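There are 2 protein chains.
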Amino acid sequence: MPEERKTIKDFKQLISLLKERNICKRTVVVWPEDSHTQESVSQAAHEGFIEPILVCSEDTEKGYVRQHGFQAIIAHEPAEAARKAVELVREQKADIVMKGFLNTDVLLRAILDKEIGILPKDTVLTHITAAKLPEYHKLLFFTDAAVIPTPTDKQRREQVRYIVDFCHAFQIECPKVALIHCSEKVDERHFPYTASYAMLKEEGETGAFGPCRIDGPLDLKTSCSAEAMKIKQIDSPIEGEADALVFPDIEAGNLFYKTITLFCHAETAAVLQGTIAPVVLPSRGDTIESKFYSLALASLISR
Amino acid sequence: MPEERKTIKDFKQLISLLKERNICKRTVVVWPEDSHTQESVSQAAHEGFIEPILVCSEDTEKGYVRQHGFQAIIAHEPAEAARKAVELVREQKADIVMKGFLNTDVLLRAILDKEIGILPKDTVLTHITAAKLPEYHKLLFFTDAAVIPTPTDKQRREQVRYIVDFCHAFQIECPKVALIHCSEKVDERHFPYTASYAMLKEEGETGAFGPCRIDGPLDLKTSCSAEAMKIKQIDSPIEGEADALVFPDIEAGNLFYKTITLFCHAETAAVLQGTIAPVVLPSRGDTIESKFYSLALASLISR
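As you go down the protein sequences, you meet chains G and S in turn.
Quick note on UniProt numbering: the first sequence kicks off at 1 and runs consecutively.
Quick note on UniProt numbering: the second sequence kicks off at 1 and runs consecutively.
Accuracy of the hints is not assured; some may be wrong.
Pairs count within a copy or across copies, as identical chains cannot be separated in the list.
As the list claims (entries may be wrong) - Mimicking EDC-like on lysine to aspartate or glutamate, the simulated pairs with C-alpha atoms at most 16 Å apart in a straight line are:
#1 LYS232 x ASP286
#2 LYS138 x GLU289
#3 LYS230 x GLU205
#4 LYS230 x ASP286
#5 LYS185 x ASP105
#6 LYS232 x ASP34
#7 LYS114 x GLU239
#8 LYS185 x ASP235
#9 LYS12 x GLU241
Since the hints were derived computationally from the structure, they do not count as laboratory data.
This one's a predicted model, so the numbers in the text were calculated from it and none came from an experiment.
Please construct the entire structure, taking both the sequences and the accompanying hints into account.
Encoded structure:
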């Protein structure tokens, strides 16, 4: 009998799946000098789905690290910690990278470095979020809230590819991917990307991304509400229940992320994709919970 | 003693203010052939803040109009109704225009027509929304969810001017206006408008828009959460409690509108600004409540 593959619909089910499959990923944590990072790491280690390797200060090594019996590598400042962390990934000694208490720029510099970095040449780096909103019946994946200002056609194609892969990892057999725009009309003059949406839709139909249904331009309401779709008399394979949203640019993606976390009680998890190991890159304002879920997300999708 | 001016913090207070001031505006409703439009109009007329003039079909005149004892003008199709409506405004026989059951394009064609239209030459037409979110302690005004794809500097300046005027009409003495971007950094290369934000901020400081505090680029969280502002160690006159948000483009504005109505139980009211009379232009998916509040908003700001 084939293994039963039940769709993961929230973060609790994600944690259960990781346990069920005995997934445990070596996770290098860069400069974990703040209690938020430390707490999320301990929780994830306690749940058993990560094995942390901390690249930290001597003080943190003497305190937090010894207290928990974790592995650690001493660094003297954040940039050094970042370089040591990506080295571990390149040496295949770590499966996931997590940002601690340092500026994003400092970590990205090490990740993107042509000599020592972990982004293969010609590979698109982008950001994917999984969100659980109280008002939506399943997880909602979206891209890009943090990395690519205005995606080129090539970059958008990779965003679609990554997000479909994510959905498959969450055991969504044929994910519904909506290409978001403020309306349903292709308007090449004002919004050139709406024309490229049509191309992506066609590519999806030929099977370029594996099993999935892609449609766009669609607005958020039509994508996520069967009722709204009905009112607008639109016929779409998304059926008002998108699994994934691809936003036109970072302004839209970032705004959606911040609106749902600030005003909708959304739980979120996010990682960078494109690098040879997924990178958990929390914002300063993110909750411990969000960092913990991001580690879980990274553990599931890390190869 | 000066008149006490209490800030309007939600739509209930707006309705009370309209009653208190005995505001009643002549409102021409274009092609009100659907029950949603009719219901919102009757409600607003019943509350006393509009006096409806319906430009409608013979059937609607015989039924709905006579039943309520409203004024009506017969039209044979939507485009004719639109032309007759704008004519009433030009003849100063109506203070507000409301869209009924017709395509937005058809109404806009009449509004924007150089001969018969109601948008003065060189005047910027834009869209302003007032929203009450359960998770925010006051009304949140924003622009533009529906009209200008990518505002020019001139258009954005007018958006700021209009939205400050709106806030003043709601008796917010010194409104806090946040110019939204995905981060707090000016990045002229990727996001040219972040540089123009700095100019608007300066203009605000010289008093160009009347009493207000303008700041940006700021992200949504920093604009609307004092806690987020503190975590990011940002010092801004917005103080994490913006009254108004000016979005970089229509994708962001429209997405915010749809996210808060779909996922955050927001109540909203919206009008077009720039025309010689405010225009209520609901979407097909909008609730009766939202249309009713939009009429109230238009009544307050109509001169």
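Verification of the supplied hints:
| no. | hint | result |
| --- | --- | --- |
| 1 | LYS232 x ASP286 | between (36 Å within a copy, 11 Å between copies) |
| 2 | LYS138 x GLU289 | neither (18 Å within a copy, 28 Å between copies) |
| 3 | LYS230 x GLU205 | neither (23 Å within a copy, 47 Å between copies) |
| 4 | LYS230 x ASP286 | between (36 Å within a copy, 13 Å between copies) |
| 5 | LYS185 x ASP105 | between (38 Å within a copy, 13 Å between copies) |
| 6 | LYS232 x ASP34 | between (49 Å within a copy, 15 Å between copies) |
| 7 | LYS114 x GLU239 | neither (43 Å within a copy, 41 Å between copies) |
| 8 | LYS185 x ASP235 | within (13 Å within a copy, 41 Å between copies) |
| 9 | LYS12 x GLU241 | neither (21 Å within a copy, 33 Å between copies) |
The earlier numbered hints that this structure contradicts are 2, 3, 7, 9.
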